[in-house]
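Participant: Listed below, chain by chain, are the residues.
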Amino acid sequence: MTSSYARTDLEGTVFAGRRARRRSVPWMAVGAVVVSLLALLPLGFVIVAVFQTGWTTVAELVFRPRVGELMINTVLLVMLTVPLSAAAAMALAWLTERSDLPGARVWSWLAVAPLAVPAFVHSYAWVTLIPGMHGLAAGVLISVIAYFPFLYLPISAALRRLDPALEDAASSLGLSPANVFFRVVLPQLRLALCGGGLLVALHLLAEYGLYGFIRFDTFTTAIVDQFQSTFNGPAANMLAGVLVSCCLILLAVEMMVRGQERYARVGSGAARQPRRVALGWMTLPCLLVPLAAAALSLGVPILTVGRWLIAGGTEVWRLDEIGLALGQTLVLALLGGLVATVAAIPMAWTSIRAPGRLQRLLEGTNYISGSLPGAVVALALVTITVRAIPALYQTLFTIVVAYGLLFLPRALVSLRASIAQAPVELERAASNLGRPPLKALWATTIRLSAPGAAAGMALSALGITNELTATQMLAPNGTRTLAMAFWNYSGEIDYAAAAPYAAIMVAMSLPLTWLLYVQSKRMAGR
Amino acid sequence: MSLLELRGLRKNYGPVTALAGLDLSVAPGSRTAIVGPSGCGKTTLLRLIAGFEAPDAGSIALDGKIFANDTGFVPAHLRGVGLVAQDGALFPHLSIAENIGFGLGRRAERRNERITELAYIVGLDSRMLKRRPHELSGGQQQRVALARALAMKPRLMLLDEPFSALDTGLRASMRKAVAELLETAGITTILVTHDQSEALSFADQVAVMREGAFSQVGTPRELYFKPRDRMVAEFLGDALVLPARIIDGCAETSLGRLALDGSAERREGGRVMLRPEQVVLERETKADTTAPQPGVLYGEVMEAEFAGATSTVTVKLLNSPGFPDAAAISSTPLVLRRAGVDTPAVGETVRIRVTGFAHVLAQV
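Heads up: the protein sequence lines correspond to chains D and G, in order. Numbered per the working numbering, the first sequence spans residues 1 to 526. Numbered per the working numbering, the second sequence spans residues 1 to 364.
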């Protein structure tokens, strides 16, 4: 009896030992590599396409006046929109988080709400309001309006989490409030500014619908136009090559500016809540800032969509058609958001906890994939499925993979920010208490960064709801999402028939945007 | 002549009263400790002095210059008051050298020399200067915070529980080093703490705070041996509080007739305080406890808890002193902390003597 007990014990120990050894595999790193390899597919496609085209044709297609023109447009768009968006987002974030502005909570929500309006609906609203709008100025205006919340969210979250003791220390060292802002607060917002700025810039490079409406040509609009005329032509592929180069440059710039500093709070205990600055007589002028932002980013779309809905009356509400589109959009958005977030976890964790050259490279490939226009990712997946695995061509699987690749950066940015704020000491404490690495991770960092993960998922789902080009190319036959229906109707200048779809997309995005807003508040423990 | 003058300072947070009218004078070059349980308003007081918040009423003046009163308010960055926060509050995005030199202008004269000098003064290795705050230990971070505040040459330095995050040994040595350093520099200091031994050993003047008001302000000695009431007595250390009758300038207690320290006019008291170290226990091997000499007290050791340098003994009185109603006054066993060496064992009989004076407590 005793000997058999002893043997069982021994076996148990050996088994446990073996299991422990097996768990020492760096699963997070492995996961990050697998996700990165997948993310490399579209880039690989572009490179292979360049090689197959041949150098002389490539040179012919790239070095021509048209490409120069597109380059100037794209560069100007990014250089103007990102700083303007950052300034607007910073002003709004400061007013809503650090001043005693009346109704700060409402303004804060209204600063996030424009995310519920798809970029091309913003454009549609402005064009139908002022039909003559076109060119760079219009592009910059609508882009700032459509994308500043991507900067507002991380900046306001970071502002809320800043330890006010630092600002107290700086002012006790003789710094005026303005100097405290520039020397202490602003440097602390660097991660938020870089992450948000990169996100906005990548959207500018990848957006098609917004610029299509106002006839402003960027690389992406040119690629889609080429693609639509010649399906899989070398001209579109070469433009994609140039676009990829632009993304690489953006990425390099962000990496240089972001630096490697630590921003988590040094010291123990919980931070005191920041005080709000009393605006005094400045209250009224300051109220104009959020008011103007809300009027431009929400008032205009509501006004125009509302006008078309009234003009269209009840006939535009074809319920059978709309219901089908709604259901399909929901399923795709939720699946895609989940895939993007889960795929982002290993990458986000590795980049905060085990940063290194390889990891930066891997992360960079994910950004590149996410910055490619939906059309390029879709084109790559179309080509690969048709050539290698025809069974997957135009299936739910393929389109969800495409969404995962496209929206990985969104999930990554918010996950990375929230993991950076979760102290590594907790993770160590959990392993110290006997949790194996993955369980320790789950019990501490992943739990703590759950709000960030939820925010990332919501952001991705939001993007998918409003995604157009990749959906059109990859979706199984018979799919007609809200965005597709909207685009088709407004393409036929049937603005009234398009209006219900715009309204539904906005209404559907609102709860997700609300979730995003609430989670960003909760992230700061409120 | 005092450097800092607080008059009638009040501060409310909504319905919560944080400060309920405080007065305090701090002499130039002195060290004051403000001690009290958490939530008593001591951090609020510090924030008002530093200028992070404005008082609801009352005035703050430093060296005759009004910092805050009913008509105006000088913001923190114009006050020249140094601050070392609980966990240092170092700027995580700057190196140690940049942290220390933060308040100096970027092109200040001899900036680098001064940073090195300050680091030397607070005992930081110059190799640390290139590092980042999170690479330093807690004690080193506090040194950096101190150097950073010293760089501004403040006349008044506020220390907000700066030693509470450090381990016991380090805490004592840091406290001593900081006290000496500030004294040499001639900087008036206010320390906020919840640790009474820290307050007593650090300061020339101690203020015990409770519910937004000072219970008592005085020298450490005064507060320890002549606390105004039971709360102050027990907050600053172990205390034996005995019911007593005050007769002819003496207190009749269960420990016999005790000499008073001049606080006999507080007749209403009815309670006197002794510090446990005033009670002497002598081993008595063949004591006749049934028929003791008058005025001699015996006790039996009920419990003895050894804790290294000290041990705690609980003694039950075996007889009552010779006056009539002493038995009525007599009460619970005495709990005394002794030196750990040669403490009587459980069951032993001891003779009890009291040295020094008893102090009459005010009724709360």
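Bear in mind the hints are in silico, worked out from the structure with no lab data behind them. Keep in mind that the hints are not guaranteed to be accurate.
Simulated restraints, written as ranges between beta carbons of each label pair [to be verified]:
#1 D:354 <-> G:221: 53 to 59 Å
#2 G:65 <-> D:281: 25 to 31 Å
#3 D:105 <-> G:57: 27 to 33 Å
#4 D:283 <-> G:72: 43 to 49 Å
Away from chain D, derived, C-beta distances all over 12 Å, residues of chain G [unchecked claim]:
#5 8
#6 37
#7 47
#8 88
#9 110
#10 121
#11 152
#12 160
#13 169
#14 226
#15 234
#16 238
#17 335
#18 337
Cβ coordinates follow ideal geometry from the N, Cα and C atoms, glycine included.
Participant: For each hint, tell me whether it holds in the structure or not.
Facilitator: Against the structure, the hints:
At about 57 Å, the CB distance of residue 354 of chain D to residue 221 of chain G agrees with the hint of 53 to 59 Å. Distance hint for residue 65 of chain G and residue 281 of chain D: a CB-CB separation of about 27 Å, consistent with the stated range 25 to 31 Å. Judged by the Cβ atoms, the range 27 to 33 Å given for residue 105 of chain D and residue 57 of chain G holds: they are separated by roughly 31 Å. At roughly 21 Å, the beta-carbon separation of residue 283 of chain D and residue 72 of chain G lies outside the given 43 to 49 Å, and the hint is violated.
Once the 12 Å rule is applied to beta carbons, residue 8 of chain G is consistent with being away from chain D; the minimum gap is 23 Å. Annotated as non-interface, residue 37 of chain G keeps its C-beta farther than 12 Å from every C-beta of chain D; the closest such distance is 17 Å. With a least beta-carbon separation of about 8 Å from chain D, residue 47 of chain G fails to lie farther than 12 Å from that chain, contradicting its non-interface assignment. A cut-off of 12 Å between C-beta atoms contradicts the statement that residue 88 of chain G is not in contact with chain D; the least separation is 6 Å.
Here residue 110 of chain G stays apart from chain D, with its beta-carbon at least about 18 Å from theirs, past the 12 Å limit. Every CB of chain D is more than 12 Å from the CB of residue 121 of chain G (nearest about 17 Å), matching its label as outside the interface. Here residue 152 of chain G does not stay apart from chain D, with its beta-carbon only about 6 Å from theirs, under the 12 Å limit. At roughly 9 Å from the closest C-beta of chain D, the C-beta of residue 160 of chain G falls inside 12 Å, breaking its exclusion from the interface.
Every Cβ of chain D is farther than 12 Å from the Cβ of residue 169 of chain G; the closest lies at roughly 18 Å, confirming the non-interface assignment. Non-interface call for residue 226 of chain G relative to chain D: holds, since the shortest CB-CB distance, roughly 35 Å, exceeds 12 Å. With a closest Cβ-Cβ approach of about 27 Å to chain D, residue 234 of chain G is found to remain outside the 12 Å limit, as its non-interface label requires. Separation of residue 238 of chain G from chain D is adequate, the least Cβ-Cβ distance of about 29 Å exceeding the 12 Å criterion.
Listed as outside the interface, residue 335 of chain G is consistent with that label: its C-beta sits roughly 33 Å from the nearest C-beta of chain D, beyond the 12 Å cut-off. Even its closest Cβ contact with chain D, about 30 Å, leaves residue 337 of chain G beyond 12 Å, as expected for a residue assigned away from the interface.
The earlier numbered hints that this structure contradicts are 4, 7, 8, 11 and 12.
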